[in-house]
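J.: Chain residues, written in single-letter form:
Number of protein chains: 2
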Amino acid sequence: MSGRRLYELAGADPARRFSPYCWRARMALAHKGLEAEAVPWRFTDSAAIAFSGQNKVPVLVDGSQVVSDSWNIACYLEDRYPDRRSLFQGGREATRFTVAWADTALNPALVRLIVSDIPSLLDEPARAYFVESREKRFGMALPQLAEAREAALPAFQAALAPLRAVLKDQAFLGGASPDYGDYAVFGSFQWARVVSSLELLLEGDRVADWRDRMLDLFNGLARATPARGED
Amino acid sequence: MSGRRLYELAGADPARRFSPYCWRARMALAHKGLEAEAVPWRFTDSAAIAFSGQNKVPVLVDGSQVVSDSWNIACYLEDRYPDRRSLFQGGREATRFTVAWADTALNPALVRLIVSDIPSLLDEPARAYFVESREKRFGMALPQLAEAREAALPAFQAALAPLRAVLKDQAFLGGASPDYGDYAVFGSFQWARVVSSLELLLEGDRVADWRDRMLDLFNGLARATPARGED
Numbered sequence: 001m002s003g004r005r006l007y008e009l010a011g012a013d014p015a016r017r018f019s020p021y022c023w024r025a026r027m028a029l030a031h032k033g034l035e036a037e038a039v040p041w042r043f044t045d046s047a048a049i050a051f052s053g054q055n056k057v058p059v060l061v062d063g064s065q066v067v068s069d070s071w072n073i074a075c076y077l078e079d080r081y082p083d084r085r086s087l088f089q090g091g092r093e094a095t096r097f098t099v100a101w102a103d104t105a106l107n108p109a110l111v112r113l114i115v116s117d118i119p120s121l122l123d124e125p126a127r128a129y130f131v132e133s134r135e136k137r138f139g140m141a142l143p144q145l146a147e148a149r150e151a152a153l154p155a156f157q158a159a160l161a162p163l164r165a166v167l168k169d170q171a172f173l174g175g176a177s178p179d180y181g182d183y184a185v186f187g188s189f190q191w192a193r194v195v196s197s198l199e200l201l202l203e204g205d206r207v208a209d210w211r212d213r214m215l216d217l218f219n220g221l222a223r224a225t226p227a228r229g230e231d
Numbered sequence: 001m002s003g004r005r006l007y008e009l010a011g012a013d014p015a016r017r018f019s020p021y022c023w024r025a026r027m028a029l030a031h032k033g034l035e036a037e038a039v040p041w042r043f044t045d046s047a048a049i050a051f052s053g054q055n056k057v058p059v060l061v062d063g064s065q066v067v068s069d070s071w072n073i074a075c076y077l078e079d080r081y082p083d084r085r086s087l088f089q090g091g092r093e094a095t096r097f098t099v100a101w102a103d104t105a106l107n108p109a110l111v112r113l114i115v116s117d118i119p120s121l122l123d124e125p126a127r128a129y130f131v132e133s134r135e136k137r138f139g140m141a142l143p144q145l146a147e148a149r150e151a152a153l154p155a156f157q158a159a160l161a162p163l164r165a166v167l168k169d170q171a172f173l174g175g176a177s178p179d180y181g182d183y184a185v186f187g188s189f190q191w192a193r194v195v196s197s198l199e200l201l202l203e204g205d206r207v208a209d210w211r212d213r214m215l216d217l218f219n220g221l222a223r224a225t226p227a228r229g230e231d
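Top line first, the protein sequences correspond to chains B and Y. The first sequence begins at 1 in full-length UniProt numbering and counts up by one. The second sequence begins at 1 in full-length UniProt numbering and counts up by one.
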């Protein structure tokens with residue numbers, strides 16, 4: 001083993017890894033051709049990652065280095081392994097906008113569609129923590145969010161217009177091959193796929209074709225985690 | 001003179017250049033250090049640009065080359081003048097997402113806030129064409145759009161979150177210095193500035209600070225066109 005470890009958010013089933021930010025780190029490691037032992041982590045396991053000086057995953061341990069935050073992990077991997085295929089084909093400054101869009105536009109819209117499916121994946125005490133913190137964040141009960149989601153789907157699909165426009169002319173956001181911009185956006189779709197059986201995309205949407213290409217990468221790394229309802 | 005010409009959308013006053021896409025081309029030329037005679041063009045002057053094989057501006061004439069569409073112009077300038085400072089510091093593939101966001105998210109939100117201010121800048125027959133085509137597009141009279149705009153401002157400002165996130169860590173979307181991603185987004189703000197006295201941004205918003213930096217570029221090239229209400 002490499003001795004490298006990635007702490008990833010998991011459900012009661014340790015194989016159900018569902019954080020969009022952890023998927024960014026997992027795909028970035030694969031892009032660099034690096035192995036890392038997957039360590040399942042639950043929302044209330046603060047003690048298990050206290051060594052990182054903060055209480056969120058992903059956390060990457062690489063030899064003596066401890067790196068938290070998905071963006072920091074991507075930059076760390078790029079700087080630490082400069083001879084391997086670059087995560088930022090366009091430079092990290094130019095990729096920032098794509099990542100920022102996933103953080104501030106895509107994920108806030110997506111979470112309202114899928115958050116109500118998450119508690120049933122969790123055991124106590126993570127479930128109680130999750131429901132309480134999310135109901136406080138959204139100002140309503142999670143079942144109420146679930147009721148509103150079908151009506152919210154068309155607006156969500158419309159908000160994917162920038163993705164759709166880029167994918168008209170190139171196979172990946174990074175160009176002919178994927179890079180960190182793709183992983184940042186894909187993390188969100190993988191999150192949705194793993195926690196919810198709600199289909200986000202209409203048939204024939206080229207965003208769905210891109211998602212399929214992303215699921216195929218690295219010998220089907222992301223596809224190996226079953227979609228919700230298919231396990 | 002260079003013999004280079006850029007056909008730009010203008011109001012009745014030929015100095016009032018207001019197309020977001022023409023501003024992208026104008027800023028791209030300046031970035032490359034290239035001069036181009038500005039040729040004012042109005043919505044109904046199809047005959048004046050018929051030589052380009054289509055009926056929209058910007059149109060760039062550079063020697064024997066005729067290039068239309070702002071993205072095509074940027075790519076043309078990059079390929080034709082490779083020894084001058086690159087328009088795509090991160091490569092054109094990585095910049096596409098930022099451009100696509102401006103095209104498909106920013107401009108559709110912005111046009112509803114400012115479109116009602118445009119007819120008073122136009123002479124006939126451009127004004128009649130503009131009002132009829134836009135009222136058809138939006139399914140309502142332009143004064144109705146004007147009445148709704150103050151209420152729509154907070155949602156517009158929230159939709160700028162990706163910009164705000166990137167500008168937290170870097171001065172320009174391109175990094176430490178601006179590139180075509182900046183010009184694509186700035187074109188929209190310049191469009192709004194030239195046609196409308198509606199203030200889009202709250203004081204203290206770092207997007208406003210970035211807009212100021214963009215107005216300062218190239219010896220105040222964009223600032224030289226007065227803001228609406230300041231001329």
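Warning: the hint list may mix true and false statements.
Below, computed lysine-lysine pairings styled on DSS-like, alpha-carbon distance capped at 25 Å [what the hints assert, rightly or not]: (1) B:Lys168 to Y:Lys168; (2) B:Lys56 to Y:Lys32; (3) Y:Lys56 to Y:Lys136; (4) Y:Lys136 to Y:Lys168; (5) B:Lys56 to B:Lys136; (6) B:Lys32 to B:Lys56.
Covered stretches of chain Y (chain B as the covering partner; in silico rule of three or more C-beta atoms under 8 Å from a C-beta of chain B) [unchecked claim]: (7) 114-124; (8) 142-151; (9) 160-166; (10) 173-182.
Taking beta-carbon pairs under 8 Å as the criterion, some of the chain B residues facing chain Y (in silico) [to be verified]: (11) Ala47; (12) Ala50; (13) Gly53; (14) Thr98.
Rather than coming from a laboratory, the hints here were simulated on the basis of the structure. We treat Cβ as the ideally placed atom computed from N, Cα and C, and that holds for glycine.
J.: Each hint needs a verdict: does it hold in this structure or not?
T.: Now for the hints, and whether the structure bears them out:
no. : hint                 : result
1   : B:Lys168 to Y:Lys168 : 30 Å, violated
2   : B:Lys56 to Y:Lys32   : 45 Å, violated
3   : Y:Lys56 to Y:Lys136  : 19 Å, holds
4   : Y:Lys136 to Y:Lys168 : 39 Å, violated
5   : B:Lys56 to B:Lys136  : 19 Å, holds
6   : B:Lys32 to B:Lys56   : 23 Å, holds
7   : 114-124              : violated (count 0)
8   : 142-151              : violated (count 0)
9   : 160-166              : holds (count 6)
10  : 173-182              : holds (count 6)
11  : Ala47                : 31 Å, violated
12  : Ala50                : 27 Å, violated
13  : Gly53                : 21 Å, violated
14  : Thr98                : 5 Å, holds
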